[in-house]
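As a plain string of letters, each chain reads:
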Amino acid sequence: GNSVTQMEGPVTLSEEAFLTINCTYTATGYPSLFWYVQYPGEGLQLLLKATKADDKGSNKGFEATYRKETTSFHLEKGSVQVSDSAVYFCAQGGQKVTFGTGTKLQVIP
Amino acid sequence: DSGVTQTPKHLITATGQRVTLRCSPRSGDLSVYWYQQSLDQGLQFLIHYYNGEERAKGNILERFSAQQFPDLHSELNLSSLELGDSALYFCASSYNQGARNTGELFFGEGSRLTVL
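If you read the sequences in order, they're chains A and B.
The opening position of the first sequence corresponds to residue 3 in this note's numbering, with each subsequent residue numbered one higher.
The opening position of the second sequence corresponds to residue 12 in this note's numbering, with each subsequent residue numbered one higher.
In isolation and in its complexed conformation, chain A is listed as follows (with noise of 0.2 Å):
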């Protein structure tokens, strides 16, 4: 069936550094990708989408490109900040709508 596997956390990171979040998926077809994001005591909010190959979704920073050669959706950001701290989720679409088991970030001053 379909699934999402995303790198392990927490990831700890100092303001202003790179991030990157790896996410491979598995699924028949091409579905839409997506990932997003919980800030503590929150419910998930969607972050960045991609609809199909080659796509590059964008937000607050935030990008990631879906490589179909590679069943890749990682996500980055050039420079982090504080606010950015958050357990974040690689998902595909699909009446099941699958998510990886989710990367938290902390990104200390």
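Derived from the structure by calculation, the hints contain no laboratory data.
By construction, the Cβ of each residue, glycine as well, lies at the ideal position given by its N, Cα and C atoms.
Accuracy of the hints is not assured; some may be wrong.
As the list claims (entries may be wrong) - Coverage of chain A stretches by chain B, computed from C-beta distances (three or more under 8 Å per stretch; other residues unrestricted): (1) 63 to 70; (2) 90 to 98.
Unchecked claim - No farther apart than 27 Å at their CA atoms in a straight line, the calculated lysine-lysine pairs in the DSS-like style are these: (3) Lys-106(A) to Lys-79(A); (4) Lys-106(A) to Lys-58(A); (5) Lys-98(A) to Lys-54(A); (6) Lys-62(A) to Lys-68(B); (7) Lys-20(B) to Lys-68(B); (8) Lys-20(B) to Lys-98(A); (9) Lys-68(B) to Lys-98(A); (10) Lys-58(A) to Lys-98(A); (11) Lys-98(A) to Lys-70(A); (12) Lys-68(B) to Lys-54(A); (13) Lys-62(A) to Lys-106(A).
With chain A's structure known, arrange chain B on it following the hints.
Structure of chain B alone, referenced to chain A:
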């Protein structure tokens, strides 16, 4: 505010009991999804309803059931509760074009269930 409302926000109950969690989707959204989030198992898909009909089922226990009503709100019923059922239960909604979902979901703030 995502527009998705879940009640109750917190619930404490005992083993063997039954609880009902309620979800009101965003206005105009036809699909409702239920997820269970626990520390050791991440976000687990339970069930998806579209316009009152069940569309997909995940690893939902037989002790759990759900339904979506004509006004599109949904309820998740958890019975014969066990300690391991303690978790955050999220509802999410989306507007599906036809029967195909793109995966863009709007989440409620969750219902935290504690089973003692």
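Would you list, in rising numerical order, the hints stated earlier that this structure does not obey?
1 and 6
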